[in-house]
Amino acid sequence: MTLRARDVCAGFAVLTAVAFVLADLSAVRPDPWLTLAAMGRGLLSPDFSDPGGLARATGLTLAFAFCGVAFGAVAGLILAPVYHRAPVRWLCVSVRAVHELFWALLLLNVTGLSPLTGVLAIGLPYAGIFAKVFAEYMEEAPDPVPPGVGGAVALLWGRLPGSLPQMRTYTLYRLECGLRSSAVLGFVGLPTLGFQLETYFRQAEYGAAAACLLIFLALILPMRRWMIWRLAPLYLGASIIALTLLRHPPMGDGALWRFLWDVVPAPVRTGGDWTGWLERVFVDQALPGAIATLVVAQLALAGAALLAVVAFPMIVPRVAGRAGSWVGHGVLVVLRSLPEYMLAFVFLQVFGLSLLPAVLALALHNGAIIAHLMGRQAADVPLRADAARGLTLAGWELFPRLSGNFVALCLYRWEIIVRESAIVGLLGIATLGFHIQTNVAELRLDRVLALLAVTIAITLAIDAVSRRLRAAMGGGAVLRVEGRRGGQATA
Amino acid sequence: MTLALRSETLGWGKEAVLRDVTLQIADGERVALMGRSGVGKSTLLRALHDRADGRVAVVAQDHGLVDALSVFHNVWMGRLDDFGAARNLRTLIRPNTAERRSVEEVLDRVGLTGLGRRPVASLSGGQRQRVALARAMLRGGATVFADEPVSALDPAQGDALLLALSGDFGTSIMVLHDTGQALRSATRIVGLKAGGIVLDAATADVDAARLMELYT
Chain A
1 MTLRARDVCA GFAVLTAVAF VLADLSAVRP DPWLTLAAMG RGLLSPDFSD
51 PGGLARATGL TLAFAFCGVA FGAVAGLILA PVYHRAPVRW LCVSVRAVHE
101 LFWALLLLNV TGLSPLTGVL AIGLPYAGIF AKVFAEYMEE APDPVPPGVG
151 GAVALLWGRL PGSLPQMRTY TLYRLECGLR SSAVLGFVGL PTLGFQLETY
201 FRQAEYGAAA ACLLIFLALI LPMRRWMIWR LAPLYLGASI IALTLLRHPP
251 MGDGALWRFL WDVVPAPVRT GGDWTGWLER VFVDQALPGA IATLVVAQLA
301 LAGAALLAVV AFPMIVPRVA GRAGSWVGHG VLVVLRSLPE YMLAFVFLQV
351 FGLSLLPAVL ALALHNGAII AHLMGRQAAD VPLRADAARG LTLAGWELFP
401 RLSGNFVALC LYRWEIIVRE SAIVGLLGIA TLGFHIQTNV AELRLDRVLA
451 LLAVTIAITL AIDAVSRRLR AAMGGGAVLR VEGRRGGQAT A
Chain B
1 MTLALRSETL GWGKEAVLRD VTLQIADGER VALMGRSGVG KSTLLRALHD
51 RADGRVAVVA QDHGLVDALS VFHNVWMGRL DDFGAARNLR TLIRPNTAER
101 RSVEEVLDRV GLTGLGRRPV ASLSGGQRQR VALARAMLRG GATVFADEPV
151 SALDPAQGDA LLLALSGDFG TSIMVLHDTG QALRSATRIV GLKAGGIVLD
201 AATADVDAAR LMELYT
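Chains as they are written, first to last, in UniProt numbering: chain A, 1 to 491; chain B, 1 to 216.
Chain B with its partners taken away, still in its complex shape (with noise of 0.2 angstroms):
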């Protein structure tokens, strides 16, 4: 599979973001998103998610969390598409062991080892990263569109944490915000700058410096 924008304009509604985009993404890319806020990141990441098809992990740049619903819910949901609605009522009120035991192997990749009867509401913004990272991880597939998916941790466990989402799926794409974590992490860098891509380019050909560039 192969993702594809060519000459296209995004945006939200009638505002246009980004004019004329033009982006290929091979499988087995490493892609980090890259810019000041505002620039258009996650429209791109958005409208690349729009065009992607086989099986493909989101985690949202707000988690997309239930907060009325434990940690064990909130990671299951990544693999609510797999299942029938009479099922997965049953699931939201009385899961299996085996549903259980599948959601605390994750939960212990992410660091969040016992944590599956908590209500979400009652974790601190770091440890809701997490559940957001396990249900994506739970839910696997060929592709993860991340936006900002370690922005709350610190770079150390940013770093293992994101080493094991991109190591669950062939491709990956992720918005970053750390270069060092894009340099990282990444095996190619789109730069997005005053409504366009600006910089397109393998990691191993950029450094620091230039990615800095984009902030400034």
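The following block holds chain A by itself, in its conformation from the complex (with noise of 0.2 angstroms):
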């Protein structure tokens, strides 16, 4: 079946529209101009009177980044060679469908406020995210050894030297990601500079909340200068000495053998009642929960769609000009670099408690990158000789020329905003996370693990027909976005 790209976007038209009227988007905040000024104001005038703590918090940030990424990045090298059996590979898409939040939600029931905690919920996912491409990698790897050499042999000489510049360009990628994770890891109370931020935006200190965005931005923009690959080992034998030294509240014993025992369902535990059980997760829970993250998805997407048709065009010279085009990549990098979810919380501080912090959040934060990645293709487009300028260009030209790509990314980018959509709920927006959240407060691990069942199989569902769909349209939609990028860029 081919499916032509107009016909997908009628499809997701009618979508958004349903989404729309099953939403909640009032700002709840009576006056979100004010917070938004106090905000500005911070902004203007970031506050730095505390060096230590804000020193501290930035460099457990990537103390954090460094360890779960190289954990993840070993983990993966490990298995990326057995990625080809069943078993490995369902490990693998089970261990990466579970968002990191949510890992270290589940970890601190076990190793608690511990470093391990951060490593882990940062390494597990990766792990299997780096199996999978570094599996891939190695299968698109020349292999210049004569057959009849051994498995092993072949794989040491041929296949991983053979792979090993593009995983480097990808382990610089996830890095980038680890950081933001790491970043984001601090809502849940590891000390990083999420933590910071948060604090101080709930005490309203929005001139220290600012210094924490910018040590943030300072931090992940020019990543790949100071990056440098023969310092790798320095940076990551710091962090584990940093992490290493880094006091924590003691676990009590026996953590693990009582989450174990906790994970159990309750009626198996108790001997009590299945209906009960099932309706008060599935009926009370998850199914409210679903319609609100695949709601806040679909308006993200539509939102993020729109944005990077405008925005797009606003990265291109022959359309911007030079000068322009500088201002907008400096806006889009921003908006990309930081992570969905703090821009969830601070929009949450602006408006209130509704879906519009989320919608918003998500929608720019996808959107930015899915207008930096057409605006980097737009580059490449051939023109005529006599090819148009300014935004009769970008109109009549490279978005005709592009607009399958354009809609091969953003079902690229659906997938993701899904997982995304079920994390904000984490803030206290009613998607999945909320859910997962209140059974995490309430020790019910039973029923977050129910939870996490269903994200995760929506999650699946969602990547299936955005699959479906971009082999449907057929043509240029194989792409392989992540980590295929030179410069600073994120994806």
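These aren't lab readings, by the way, just hints derived from the structure by calculation.
This structure is a prediction, so every number in the text was calculated from the model and none was measured.
Glycine included, C-beta positions come from ideal geometry on N, C-alpha and C.
The reader is advised that the hints may include incorrect statements.
As the list claims (entries may be wrong) - Residues from chain B that face chain A, not an exhaustive set, calculated with beta carbons under 8 angstroms:
1. 49
2. 64
3. 68
4. 69
5. 77
6. 80
7. 81
8. 85
9. 88
10. 89
What the hints assert, rightly or not - The calculated label-pair distances, taken between Cβ atoms and stated as ranges, are:
11. B/100 - A/472: 27 to 35 angstroms
12. B/89 - A/40: 27 to 35 angstroms
13. B/99 - A/24: 26 to 34 angstroms
14. A/136 - B/99: 24 to 32 angstroms
Unchecked claim - Cβ-to-Cβ under 10 angstroms is the rule here; a few derived chain B residues that face chain A:
15. 46
16. 56
17. 58
18. 67
19. 73
20. 76
21. 84
22. 92
23. 93
24. 139
25. 145
Since each chain comes alone in its own frame, lean on the hints to assemble the complex.
Below you can see the structure in the form of structure tokens.
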């Protein structure tokens, strides 16, 4: 079956309209402009008066990112050669289907607020991703070893060195993601920049909060300059030392056994009644949570698509001029470098509790990513000698030529947006994450596991639909967007 | 306006394709550029286009069509620089009747009557070439630069369209590969071989045999 991009877009427009009707997008705060103005003042006069605290949070943000990504990369490298075996593949699929923040919530019950929680929360899902991507690289790598040479030798002499350059590029990209994850882990209590940000925000110290944001940007934007491979062992060594020295509240004995006992569904543990449990979990929590998650995701996707269409020409010099395109790049790079969870948190302070902050944050972050990728493709579009300039060029040539890619990119981000929509529930927004959080607080880990399973099922289903649609549209829809970037970009 | 190249070296980037090229083209001439593929015809055409002033139209070899847009849009593209961005974006979304009619007129002339609303992606090679021709015709101007503009059409249709195209412009400079077509439609023939111009004569002074030498 072949599908036209136009039909796919029409389908999405209908879904968006439905989501719009279902969504509660009210700004609950009486006067969002007041908060916004206070935040603006904070941003204009960032407050660095606690250099010790900021430096500690910055160092630990880096340390968690380094250790987590290193754990993921090493584990992924070990698993990659056996990734084709079904049990390994399923293990990887399931660990990476759970978001870092959900991992952290689970691990808090076992390893408490110890550094291990942060490292594993990043490392476990990343291991699953690394294993998949590294396995693909090794598969595509040229195999110069003569036939008959054993598998391990062929791997070490041929495929591994052959795919090393891509692996490096990809690891660098993952480190960027790791920095975002590490900062965001602060929101569940680990001592990274996110924790500082949340604390300052809650105390309405917007100057200090702005300092956190600026430090994070100063860390992540020039990452490709300071991340020198020869220094990687040094960075990693320092990170390990920093995390070992970190003092943390002790965890009682037998936490793991308690955890394993608690995740067994209550009816099994207590011999209680299944119907009540199932109804409580699936009808009262999973269903409304899933609907809210999908509604947020749909509106965010529509917003991201709209933003991308409007913003991508702004980074094309032939449209916006050289100076204009630099400004465009500047805006997009900030929007896509800040974690969407952090953006959602900031918007939540402005607009109050509804779906609006989540939709805005996800739309801006993902729209900036799509716009960035399209803008880069637009710069490579071959043009006639007499092609137009400015907005005329963008509307008549660039967008129509890239429209297939545009739809593919949106479909590709769809699954990511759904995953993130579930996560922003941890902030109190009524998506699946909210119900997961509630059950964690009540120590009902069996329900947590059930809701996580629902989240994973929805994400995998969306991924499958997105894949189907991309395949049905055919053509240039084959994209591996992650890690395929030069410069200091983000996908 | 006279187009002139004086002892110039032409090429893509640092690689010279044609050396020491001297060529003058006066208003009203119909020049056919000929030679084997890869000899530098398109390079010469581009160099002449870069030096032209006044309103010119281009028929590109790869047609320069935007597949995702309709025939109407691809033809109207020839006139985008006559209007501001706001009007162009309006036309992109909602063409008005007058715009549609003027495009229909040129579509009639190239034999694509009534196909204005078809997506270009659904057209055959010959139809796509006619769209590119229609675009240049709608644009109009003093000079047309065309790179193999009728290569995908049969000779009779090709002849007719070459005639129509050059009739619209005072001066025409075209890369052609069909010797018969060149002899019938051009007033002057410029032949390229081995990195330079080896033939530059009025059509009346050359015959098919002389032209065939360019290809040996």
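Outcome of the hint check:
The interface hint given for residue 49 of chain B is met, as the beta carbon of that residue sits about 6 angstroms from the closest beta carbon of chain A, less than 8 angstroms. This hint holds: residue 64 of chain B has a C-beta 4 angstroms from the nearest C-beta of chain A, less than the 8 angstroms allowed. Interface restraint check: residue 68 of chain B against chain A, minimum CB-CB distance 4 angstroms, threshold 8 angstroms, status holds. With a least beta-carbon distance of about 5 angstroms to chain A, the hint placing residue 69 of chain B at the interface is held under the 8 angstroms criterion.
For residue 77 of chain B, the interface hint holds, since its Cβ comes within 8 angstroms of a Cβ in chain A; the closest pair sits about 6 angstroms apart. Residue-level restraint check for residue 80 of chain B holds (minimum Cβ-Cβ distance to chain A is 5 angstroms; threshold 8 angstroms). For residue 81 of chain B, the shortest C-beta to C-beta distance to chain A is roughly 6 angstroms, which falls under 8 angstroms, so the interface hint holds. Taking 8 angstroms as the C-beta contact cut-off toward chain A, the hint placing residue 85 of chain B at the interface holds, the least distance being around 4 angstroms.
Proximity of residue 88 of chain B to chain A holds as hinted, the smallest CB-CB distance being about 4 angstroms (cut-off 8 angstroms). A hinted interface residue such as residue 89 of chain B counts as satisfied when its beta carbon comes closer than 8 angstroms to some beta carbon of chain A; here the least separation is about 5 angstroms, so the hint holds. At about 32 angstroms, the beta-carbon gap between residue 100 of chain B and residue 472 of chain A stays in the expected band of 27 to 35 angstroms. Taking 27 to 35 angstroms as the suggested C-beta distance range, the pair residue 89 of chain B and residue 40 of chain A conforms, at roughly 33 angstroms.
Separated by about 44 angstroms at the C-beta atoms, residue 99 of chain B and residue 24 of chain A break the suggested range of 26 to 34 angstroms. The given range of 24 to 32 angstroms is broken by residue 136 of chain A and residue 99 of chain B, whose C-beta atoms sit roughly 49 angstroms from each other. About 7 angstroms separates the beta-carbon of residue 46 of chain B from the nearest beta-carbon of chain A, less than 10 angstroms, and the hint is met. With its C-beta approaching chain A no nearer than about 8 angstroms, residue 56 of chain B sits inside the 10 angstroms limit, and its interface hint holds.
A cut of 10 angstroms between beta carbons decides the hint on residue 58 of chain B: the least distance to chain A is about 5 angstroms, and the hint holds. Checking residue 67 of chain B against chain A: minimum C-beta separation of about 8 angstroms stays under 10 angstroms; hint holds. Restraint check, residue 73 of chain B versus chain A: the minimum CB separation of about 7 angstroms is within 10 angstroms; hint holds. Here the hint on residue 76 of chain B is kept, as its CB sits about 9 angstroms from the closest CB of chain A, short of 10 angstroms.
Because the smallest distance between the Cβ of residue 84 of chain B and any Cβ of chain A comes to about 8 angstroms, under 10 angstroms, the interface hint for this residue holds. Interface hint at residue 92 of chain B: satisfied, since its Cβ lies 5 angstroms from the closest Cβ of chain A, which is below the 10 angstroms cut-off. The interface hint given for residue 93 of chain B is met, as the beta carbon of that residue sits about 9 angstroms from the closest beta carbon of chain A, less than 10 angstroms. Restraint check, residue 139 of chain B versus chain A: the minimum CB separation of about 9 angstroms is within 10 angstroms; hint holds.
Interface restraint check: residue 145 of chain B against chain A, minimum CB-CB distance 9 angstroms, threshold 10 angstroms, status holds.
The structure does not agree with the numbered hints 13 and 14 stated previously, though it agrees with the rest.
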